[in-house]
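Novice: Next come the chains, spelled out residue by residue.
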Amino acid sequence: MKNVLLFFTAVLMAYSTYAQNIEVCSTCAISTLKKGISVAKDYDTILVKKGTYKEHNILVDKPLTIIGESYPVIDGELKGEVITIIADNVTVDGLFIINVGTSYTEDYAAIRVRKSKNFIIQNVVLEKLFFGIYLEKSRDGKVFHNKIIGDAVEEYNSGNGIQLWYSKNIVIEHNFVQHVRDGIYLEFSDDCLIKNNVSAENLRYGLHFMFSNDDIYEDNTFEKNGAGVAVMFSKKIKMLNNTFKENWGTASYGMLLKEINDAEIIGNTFEENTIGINIEGSNRIVYKNNNFINNGWAIKVRGACYTNSFIENNFLYNSFDISYNSKVNDNVFNKNYWTNYTGYDLDKDGIGDVPYRPVKLFSYIVNRTPETIILLRSLFIDIIDFSEKVSPIFTPNNLLDNNPLTKRITW
Amino acid sequence: MLKILKYSFFDLMRSRWSYVYFAFYLLLGIVLLFLNNDLSKAIITLMNVIIMLVPLIGTIFGVMYYYNSKEFTELLLAQPLKRSSIFLGQYLGVAISLSMSLILGLGIPFIVYGLFKSNAIWDFSLLLITGTFLTLIFTALAFNIALTNENKIKGFGYAILLWLFLAIIYDGLFLMSLILFEDYPLDKLSLIGTMLNPIDLSRTLILLKLDISALLGYTGAVFKKFFGTNFGLIISFIMLTVWVVLPVLRIIFKSKKKDF
Chain P
1 MKNVLLFFTA VLMAYSTYAQ NIEVCSTCAI STLKKGISVA KDYDTILVKK
51 GTYKEHNILV DKPLTIIGES YPVIDGELKG EVITIIADNV TVDGLFIINV
101 GTSYTEDYAA IRVRKSKNFI IQNVVLEKLF FGIYLEKSRD GKVFHNKIIG
151 DAVEEYNSGN GIQLWYSKNI VIEHNFVQHV RDGIYLEFSD DCLIKNNVSA
201 ENLRYGLHFM FSNDDIYEDN TFEKNGAGVA VMFSKKIKML NNTFKENWGT
251 ASYGMLLKEI NDAEIIGNTF EENTIGINIE GSNRIVYKNN NFINNGWAIK
301 VRGACYTNSF IENNFLYNSF DISYNSKVND NVFNKNYWTN YTGYDLDKDG
351 IGDVPYRPVK LFSYIVNRTP ETIILLRSLF IDIIDFSEKV SPIFTPNNLL
401 DNNPLTKRIT W
Chain G
1 MLKILKYSFF DLMRSRWSYV YFAFYLLLGI VLLFLNNDLS KAIITLMNVI
51 IMLVPLIGTI FGVMYYYNSK EFTELLLAQP LKRSSIFLGQ YLGVAISLSM
101 SLILGLGIPF IVYGLFKSNA IWDFSLLLIT GTFLTLIFTA LAFNIALTNE
151 NKIKGFGYAI LLWLFLAIIY DGLFLMSLIL FEDYPLDKLS LIGTMLNPID
201 LSRTLILLKL DISALLGYTG AVFKKFFGTN FGLIISFIML TVWVVLPVLR
251 IIFKSKKKDF
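Protein sequences appear in the order of chains P and G.
At position 143 of the first sequence (counting the first as 1) the number is 143 in UniProt numbering, and the numbers step up by one without a gap.
At position 224 of the second sequence (counting the first as 1) the number is 224 in UniProt numbering, and the numbers step up by one without a gap.
The following block holds chain P by itself, in its conformation from the complex:
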């Protein structure tokens, strides 16, 4: 405790006695950001005035606060990386960075944080970029309220909006990412919080997890991406109250889960996606209170998925509710509301008296011969679906919702 107090007094002292403002503007004595950094002392604040600064490879190697006044433009002139942070306690605020260089051998970023702690990157606008904000082996930082607008056309020569690599305990909040390869990409990054972001129209994924555990993402919106969110090879991830919308296409998903264990998917909305959630090799996941509205397939189960539970979700007007490609089922469906349910509720307890079979024979046929999708909603298909419902042969026998609700759930 004493040490902490001492530390704080030391910091305060440092600020009050030594920290000073350095102004950078095109007509000042210090006319470049690079020069500003070189003359600054630790914990100084650099004030960048409005203007255009043609600079790249700016190395921030001491704890500084860099603040842009009414969005000064830092133009990288497509020559390489723009800002690289290698010191702890750096704050970057209010810059407008454009023209990051593209390379096929190096991942040039607009702002890269390398092996640093306690950084804050906020109110930054990035345009014409390769990689946006790249956090590398860093921890305890915050990426807040940035706007990243790329112009990616092809996957192989474009970068990600916000990329985390071996980073821990990072908060990514209120960012707006558009038109890049992956909106937000986490690789080997644990204990991160991703909140209130909007990731739209990206080439590949809105949000992409690889080998990252114990992360939480909530209240984000993923719209019109190649695929909304891909969560792969990760454990204990919490996905709460996100919205996945209009991810259309042959390989488009609201959410793609691959090799995910012990996750929680609660309170999300999946609307008008070709496939709401695509699940592969994922176990012990709880799906609760999600809305699946107007999707082609609400949930597509590809195989090797065990002990998942789907409880109290709303399945509204999906072309197919659930699709399975095997006859084995070890997942639990209980107390969901299905608009396709045709049973009755005689005792009026809000629970249908006849179990609901969410997997239709037709979804099995479409899995086998995709062209047959053109017969969707035909009377003949309804007849064979009905006969399959009466005596299941092709679809898992025990895949039932024993307590289908008769009214839409609100929470």
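Calculated from the structure, these hints are not laboratory results.
Where a beta carbon is used, it is the ideal one built from N, C-alpha and C, also for glycine.
Take these hints with a grain of salt, some might be off.
[Unchecked claim] Stretches of chain G that chain P covers, calculated by requiring three or more beta carbons in the stretch to come under 8 Å of a beta carbon on chain P:
#1 46-54
#2 177-189
#3 195-204
[Said to hold, decoys possible] Pairs of lysine to aspartate or glutamate residues, derived as DMTMM-like cross-links and limited to a Cα-Cα distance of at most 20 Å, are as follows:
#4 G/41 <-> P/382
#5 G/224 <-> G/150
#6 P/117 <-> P/61
#7 P/236 <-> P/280
#8 P/245 <-> P/218
#9 P/235 <-> P/190
#10 P/238 <-> P/201
#11 P/142 <-> P/190
#12 G/41 <-> P/93
#13 P/258 <-> P/187
#14 P/195 <-> P/264
#15 G/41 <-> P/191
#16 G/224 <-> P/246
#17 G/254 <-> G/150
#18 P/195 <-> P/218
#19 P/50 <-> P/88
#20 G/224 <-> P/272
#21 G/209 <-> P/191
#22 G/209 <-> P/271
#23 G/209 <-> P/246
#24 P/41 <-> P/93
#25 P/62 <-> P/88
#26 G/225 <-> P/187
#27 P/137 <-> P/151
#28 P/50 <-> P/75
#29 P/238 <-> P/262
Based on the hints, put chain G in the right spot on chain P.
Specialist: Just chain G, lined up with the frame of chain P:
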């Protein structure tokens, strides 16, 4: 022709069956809306009804009307009138009165419910347009059957068979052939197969609006072009028009040659 059309139309307007048909749709619309409380769900249900029922009613009604008014037709034939105008007039009279029952019967409850304020209006109008097209097509087909068969019972039998074939059996054969040839590229075949059946065609037209997200799940350039753009909508409408024109031409052709 217009005089005969007018006569047929008002004759049908006075008939009990038009009212029954109209009342049926009215009731269906009201029940669906006021029990469901959901416009888009009601439209999906209506789609199923329209695609099955409109062709059935169209064929049966068309055949029935032709046989019932046969004596009057023969009387007309004795007058100096063009044969094509007699039969076309009758055909249009039946088709228009049926379409009117459909449009009014479904339209009134939906308008009362507040269709104009909801965004389902396009889906709904598409539904009515396809319903009208189906009426025109199947009444024309029914007239064709009736013109070719003097025997009433045979005519009715063929009419029901036609409906059964196009509504159910065709899809079954279609599905079987798709599964049988699944090793080959099938996207063109499946689209052509749809075009050849007016019921399937109208179903696809409505799918384009309701299930577009599922339809785009299939990998295939032709499919993608068809469903992903307005191309599909335009082609479908053209094909529906062709489906009206061909049977009508045959009515004219057949009626000119027929002995009475």
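Novice: It remains to establish, for every hint, whether it holds in the given structure.
Specialist: Hints and how they fare:
{"no.": "1", "hint": "46-54", "result": "holds (count 4)"}
{"no.": "2", "hint": "177-189", "result": "holds (count 6)"}
{"no.": "3", "hint": "195-204", "result": "holds (count 3)"}
{"no.": "4", "hint": "G/41 <-> P/382", "result": "holds (17 Å)"}
{"no.": "5", "hint": "G/224 <-> G/150", "result": "violated (47 Å)"}
{"no.": "6", "hint": "P/117 <-> P/61", "result": "holds (12 Å)"}
{"no.": "7", "hint": "P/236 <-> P/280", "result": "holds (16 Å)"}
{"no.": "8", "hint": "P/245 <-> P/218", "result": "holds (15 Å)"}
{"no.": "9", "hint": "P/235 <-> P/190", "result": "holds (10 Å)"}
{"no.": "10", "hint": "P/238 <-> P/201", "result": "violated (24 Å)"}
{"no.": "11", "hint": "P/142 <-> P/190", "result": "holds (14 Å)"}
{"no.": "12", "hint": "G/41 <-> P/93", "result": "violated (50 Å)"}
{"no.": "13", "hint": "P/258 <-> P/187", "result": "holds (14 Å)"}
{"no.": "14", "hint": "P/195 <-> P/264", "result": "holds (16 Å)"}
{"no.": "15", "hint": "G/41 <-> P/191", "result": "violated (43 Å)"}
{"no.": "16", "hint": "G/224 <-> P/246", "result": "holds (16 Å)"}
{"no.": "17", "hint": "G/254 <-> G/150", "result": "holds (13 Å)"}
{"no.": "18", "hint": "P/195 <-> P/218", "result": "holds (5 Å)"}
{"no.": "19", "hint": "P/50 <-> P/88", "result": "violated (26 Å)"}
{"no.": "20", "hint": "G/224 <-> P/272", "result": "holds (17 Å)"}
{"no.": "21", "hint": "G/209 <-> P/191", "result": "violated (43 Å)"}
{"no.": "22", "hint": "G/209 <-> P/271", "result": "holds (15 Å)"}
{"no.": "23", "hint": "G/209 <-> P/246", "result": "holds (14 Å)"}
{"no.": "24", "hint": "P/41 <-> P/93", "result": "holds (18 Å)"}
{"no.": "25", "hint": "P/62 <-> P/88", "result": "holds (7 Å)"}
{"no.": "26", "hint": "G/225 <-> P/187", "result": "violated (36 Å)"}
{"no.": "27", "hint": "P/137 <-> P/151", "result": "violated (27 Å)"}
{"no.": "28", "hint": "P/50 <-> P/75", "result": "holds (13 Å)"}
{"no.": "29", "hint": "P/238 <-> P/262", "result": "holds (9 Å)"}
Hints 5, 10, 12, 15, 19, 21, 26, 27, counting from the list given before, are not met by this structure.
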